[in-house]
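Asks: Make a model of the complete structure from these sequences and hints.
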Amino acid sequence: MNAFEYASPTTKEQAVKLLGNSWTEAEVLAGGTDLLSLMKDHIVEPKRLVNIKSIKELGGIAGTAKSGLRIGALVTIQELLDHPRMRKEYAALVQAAEGISSPQIRNMGTIGGDLCQRPRCWYYRAGFGLLGTQESGEPLVPNGDNRYHAILGNSGAALFVNPSSLAPALIAMNARVKIYGAKGQREVALEKFFTAPTTGSQREYDLQPNELVTEIIVPPLARAKSATYEVRQKEALDWPLTTASVVLTMTGNTVKAARIVLGHVAPTPWRSTEAEAAIVGKAVSEATAEAAGKAAVEKAKALSKNGYKIQLAKVAVKRAILLAAKGGTR
Amino acid sequence: MSDEKNKSDQQKSGVSRRSFLKASGISLGVPLVVGHRVINVNGQEVKLYGPTKTSITLTINGAKQTVEVEPRVTLLEALRHELDITGAKRVCDRATCGACTMIVGGKAVYSCTVLAIEAQGKPITTVESLMQGEKLHPLQQAFVDNDGQQCGYCTPGFVMACKAFLDKNPSPTPEEVQKGLGGNLCRCGTYMGVRAAVLQAATMHKGGKNHG
Amino acid sequence: MAEYKWPDADKRTQIGKRIARLDGAVKVSGKAKYNSDLNRPGMLHGKVLRSPHAHAKIISIDTSAAEQMPGVKAVHIINGVGFEIRWAGENIVAVAALDEPTAEDAIRAIKVQYEKLPHLVVDHDLKIAGEWATPTNESKKGDYEKGFAEAEVIHEGVYGMPVITHCCLEPHGSVTEWEDDNLLVHLSTQAVSGIAAQMATPMEIPAGKIRVKQDHIGGGFGSKFGPDAWDVAGAKLSKKAGGKPVRIFLERDAELMVAGTRPSHYAKVKIGAKKDGTLTAWQSESWGSGGPNGSGSPPLPYVIDIPNQSRKHVSIANHVGPSRAWRAPNHPQACFVTMSALEDLAAKLNMDPLEFVLKNKALLGTRKDNYADELMLAAEKIGWKKTWHPRGDKTPGPIKRGLGLSFHTWGGGGHASDCDLVIQPDGSVEVRMGTQDLGVGTRTALAIVAADTLALPLEAIKISIGDNRFPASGGSGGSTTIGGISASTRRASLDALDKIFEKAAPTLNAQPAELEAIGGKIQVKGDASRSLTWAQACAKLGAMPITVRGKNPGPGPLTSQGVGGVQMADVAVDIETGIVKINKIVAVQDCGLIINLKLTESQVYGALIMGVCWALYEEKINDQTTGKTLNANMEFYKLAGIGDIGQLEVHMMTGKGYDERGVIGIGEPPAVSPGAVISNAVANAIGVRVPGLPLTPDRVLAALETKGGR
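Protein chains in written order, with our numbering: chain A, 1 to 330; chain B, 1001 to 1212; chain C, 2001 to 2710.
Derived from the structure by calculation, the hints contain no laboratory data.
Hints are not guaranteed to be accurate.
[Claimed, not checked] What follows is a list of derived Cβ distance ranges for each label pair:
id : chain 1 : residue 1 : chain 2 : residue 2 : range
1  : B       : Lys1168   : A       : Lys294    : 38 to 46 Å
2  : A       : Lys294    : C       : Lys2348   : 32 to 40 Å
3  : C       : Thr2395   : A       : Asn143    : 35 to 43 Å
4  : B       : Pro1170   : C       : Glu2084   : 54 to 62 Å
What you are looking at is a predicted structure, and each value in this text was computed from that prediction instead of being measured.
Here a beta-carbon is modelled for each residue, glycine too, at the ideal position from N, C-alpha and C.
Replies: This is the structure:
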C-alpha cells in the first residue's frame, strides 16, 4: 500500500470538500473490506483517504410501512440483517445479505460499500486495468480465463461482473440512491446507478470523484413477495457464481407485476425484462418459473469458459421465483 | 478557495498537494504536531494525518497504548509489530481467511483490513485477553478438549470469531455453528474440533442448553 | 539390557489413550510464538521484489533509488543481470528496512528490465507442451495385450487433476541475525535438524555456526524442508546491516506462487475385466507438470496390482513455481486415476464397486485382509448396503445422492532420530530432541512415550524441541516423524530406567533386573512394599544428572512401514447447478501402534478436510497469455470452510494385528483418497463421471451435458 494522508470528517459537507476532482486524488473509506485490498495490491493508489465512518447522518435505518425504508450508506450488512423489519418485508434483501457468509465481512461491510465495491475480475486485480488489457491494448478476458465473467451485457469492452451482493435485490425493490457531492444532493434510481465502462479510466457507477452515496431509499414492499437465490459453491465466504432477486406482486398465485434482477452475470446488475414478461400474468409453477429462467438467458452469450453460467442464471431465476412465491422462506 | 498557509508542512510530508488542494477548496491551518495538520473546511476544523508517521492511541484489551505509525498501517500490523501482540495472525491479508480476527467495538472484524488509525476510540479485544490469570476461558478450554487446532495458526482468529459468535448466539444449534462461522479458514482441517468446541463452550456457558 | 519393544496392551498407561495436546493452551491463548511472530530487538523488515514474468532474462537492475530511501538498511540482489527467470514470482532483489511500509516502497522503487521469453504455464493438454514435455517412465508388466484380449468388458477414460498449492497459513520465511560470525535462524521449517547443513554452503560458513530455532510452525505439508532463497537473502541482508535481525515472510500471493505446489496429473486409462469382475489388464498414458522440474510419475495402477500392465508417463517442465513434496507425493494423483477407472469399470460391469474390489482382493498385496476388514467396516459406517445404488440416482428432484469408495497405502516408518533423556537428581525429566511439532502432536507424543515408560505423569516430562543444538532428528516428511521420535524416546527412556534401576537396586536389596517402574515408583516387581518413589530413586544419582541418548534402532518391534486405509463418501449433487455438497465421509485407517488416539484421529479428520478442499475447490489457475497465477489469494484459491465438509467419521484400526507392527505414521495416508472417493460418489450420484478435479459447477455441468439431458 502506498502512503496516503487520512482524514475522518464528521459531516458529509466536510467529506466532499476533502475529496478530489479526479479518482487518483482521494478515495472514500467506509467498511474498507474492498478498498484496503485494492490499495495493498496497488490497483487504486489514492493520495488521501477520507474515512466517512464518523459521519453520523450516514448511518441508521428509518422509515415506516407506508414510506418504505431509508438506509444510511454506512449501515453494515449485519445491521441490515438485525433490523426487525427486514425479515418481514424485504426477504430478498435479507437473503442477499445472508449470502455474505462471513460474519466479519457483514460486521465491517456497509451497504454503500457493497454498491461501490470494484469488480473482482482477476485481470483487473492483477494490474491489467479495469477492462483487463495487455500493454498493447489487446483484451485479456475473451481468450483468457473467463470462467467467472459476464454472460450478459458482454458485447462491450467490460466483461467483468458487478460484484455487489445487495444491488440485485435493491434494484428488484426499485430502490433509489441518494448522492451528495460538491454540487449538492441528487437522487438516482439504483438501476441507473450502475454503468458498463467503455474505458479503463471510468468507474462502474454514476458517481463523481467528489461525490458520496449517502443513503438508499427502498419503497414499501409489505404486500409484495420477494426472494434472492444465490448459486454459490461454498457455504463459507465465497463469491456467488450467479444470483437472482425477484419481487413479485401477486394475486393469489398469479403474478401481477414482477421485477427480476440478476447478479454476477453482467458488468452491471442485470434487470431481465424478458424474465419479467415471461412470468407476469402467469400462475407461478415449476414450468412458468422455468420459462422465466429461460427467458432471462435468451440473450446470454457465453465467453470461452463461462457457458455454465447461463445454466446457473436460468436456475437462479427459476428458484428465486419459486422461493418468492412460497413466501420467501427456503 | 483559500490559500495554502503551511508550505513547510507540505514539504515535510513529501507529497505535493498543490494541485490537489487547488481543486478541493481546503485551507490549511497551523500544524499541531508533525504528521498531523488541522485544516479548515467550510469554517470547520478537520485533522489531516500522515502520510508520515503519526501518533495514535488504541484501547487494547482495556489498556490504552500509543504507537507512532503511518496511516497506511493496519490494526493487525500495529499490534503485531509495534506492540508485540502477536496472537492474531496475518495470513491472507485480504479480508478472507479470518486468522487476524479481533473484536473491535463488540464486533468480530478482520484486523488486516482495518487501519490502526481508524480503530482509535473503540475497544479492541484480542485473543490475549481471554485467559483469566492462568485459567483458560471456557471457549479456549473447549478448543483444547476437542482438539480444535493443529498447527494453531488459524486458532487465535478462530477463537475470537467463535467468541463473537457465542456472544451473539449463546446457544447455537450445530447447523448454526456450521453456517455462522464462515469467515475463518483452516488449512490443517480442524473444523470438526472447532464445531465440537463451540457447542461445548455454549453448554458450559449457558449451564446446559445443548442442541448437540 | 532392556528389550526394545512397546509395552503390552494391558501395561500401557498413556500410550494409545486419548490425550489432549500439551501445547493446546499456548496455541488457543495466542501465547505460542511462531517464528513469524518474533519481534527481535532492532529487527528489520525484509521484502523481495519478484518477477512479473514467467520466463524472462534479466537485462538490468537499478536499485539506486531504493538504496537512497530513508529507512532502507540493506539491499541484496538475489538473481542478477543475465539470470533466466523460469516462473512468475521468482526472487530478484531483497531489501531490508526499518519497517514494512518502507521495505515495500523500496522494492517498488527498484527498476528491472526484462527480456521476455516464451512461456508455458498450462498443462492440461499434452499437445501444447511441445519441447517442454519429456517421457520419463515407461514400464510393462505381464502381457497387457493378452490381458485386454482376455477382458470381456473394457473401459477407457481420461482423468485429470490440476496443480494445487500447499497454502500453509504461516507463510514461508525466517528471521535471521548474526552475532559475530554465528548465524541465528528462526525459520518456519519441517526440518529443524537439517537446515544448518543446507544453509552452510550458500552462507559460506561452517554448519556448526548456524543455530536454528523454532517453537511452532504454522503448517508445512511437505513444502518446508529447506531454507529458501529468501531466507539466505535475509541472512545476507542481516550481514550487510551489521547483524541486525531481518524478517522475511512471504506475502500471500508469493506464498501461492513460489512456495510449493503439488504436480498436476492427467491420464488416459484403459482397463479391462472379465464379466465376473476379474481384472485382467491396465494401460495408462499419463502426464503432469510441477514447474521447471516437471512432475513425478505416480504409481499407476494404485494399490491394486492388475496382472497385465502398460504404463507411460510424460513430465512437462513448465514455467510455474516449482513443486514440492505435498502430503503423500504422487499418491493422491495415482489414487484418483485408479479408483476412478475402477469405479467406471464396475459401473460398466453393472457391479457394486465394493463387491468388485472384494472380488479382486487377491490383487491388494500383503495387507489384503486388512483392506477387506476396513472395507466392510467402512461400508457399515456409511450405510453402503442401504444407500448405494447403481450409477445415477433415479429419485425425482435436482438433488442426487451417491456413494463412492477408495483405498490407499503409504509407507511411513521411522526416520533417523536421536533423543536425549535427561534425569536430574531431584527427579525432573527432560526430553531433548531436534525435532519439530507441525501441529500433529509431536511434543505430546514424546511426553506420552517417556511418561508411559518411566511410569510418570505426563506433566513430569519437560519437552524441549525445535533447536538444532538438541540431538538430531529427521525432517517431518513421509509420515516418518512419529515412528522415529517415539522409537528413540522409548529407547532412551528404557535405557535411562535401567540406570535408575541400577542406582535404586542396592537400597531395595534387589538386582536391577528385578525392578519395575509403576505408578511413579520404582519397586521390586510385584511387591509394592519394596519401593522407592521416583524422586527417592533419582536422588541416588548423587549430584549429577544423567543424560541417556536413545536412537531409533530402525525397522523392528518399535517401528515399521506400510499402512492402509479405506474411505467412503456420501455426497449430494445439485444437477441443475453442478454444486457438490458432502453429506458424510467415513475413514477407516490403520497405522500400527497408536501413541495418542485423539491426535491420530485429528490427523485423519484433517486429511479428509484438506481432501474436501482439493476435491471440490482447489486449483492453481495460471493464465497462458500473461504467465501469471490469477488466483494467488485466498479469495479465489478456495479452501473449504467449517460448513463445507459435511459430517466426518474416523475409525482407527487398533489392537491385535495392528499394534505389533510398531509405530508407523499417519499424516499422509488418509490424505490420499479424498479426491477419488468424492469423485466416485459424484459419479454414482449423477450417473456420469466428472473426469476432472476439482468438482466445480462448470465441470459437473459439462459432464452432465455429455451424458445428454438432465
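Asks: The structure should be examined with respect to each hint, and the outcome stated for every one.
Replies: Evaluated hints:
The hinted window of 38 to 46 Å between B/Lys1168 and A/Lys294 holds, with their beta carbons roughly 42 Å apart. For A/Lys294 and C/Lys2348, the hinted distance range of 32 to 40 Å is satisfied, since their beta carbons lie about 35 Å from each other. A beta carbon spacing of about 41 Å between C/Thr2395 and A/Asn143 agrees with the range 35 to 43 Å that was offered as a hint. Taking the beta carbon of each, B/Pro1170 and C/Glu2084 are about 60 Å apart, inside 54 to 62 Å as hinted.
In the structure shown, no violation is registered for any of the earlier numbered hints.
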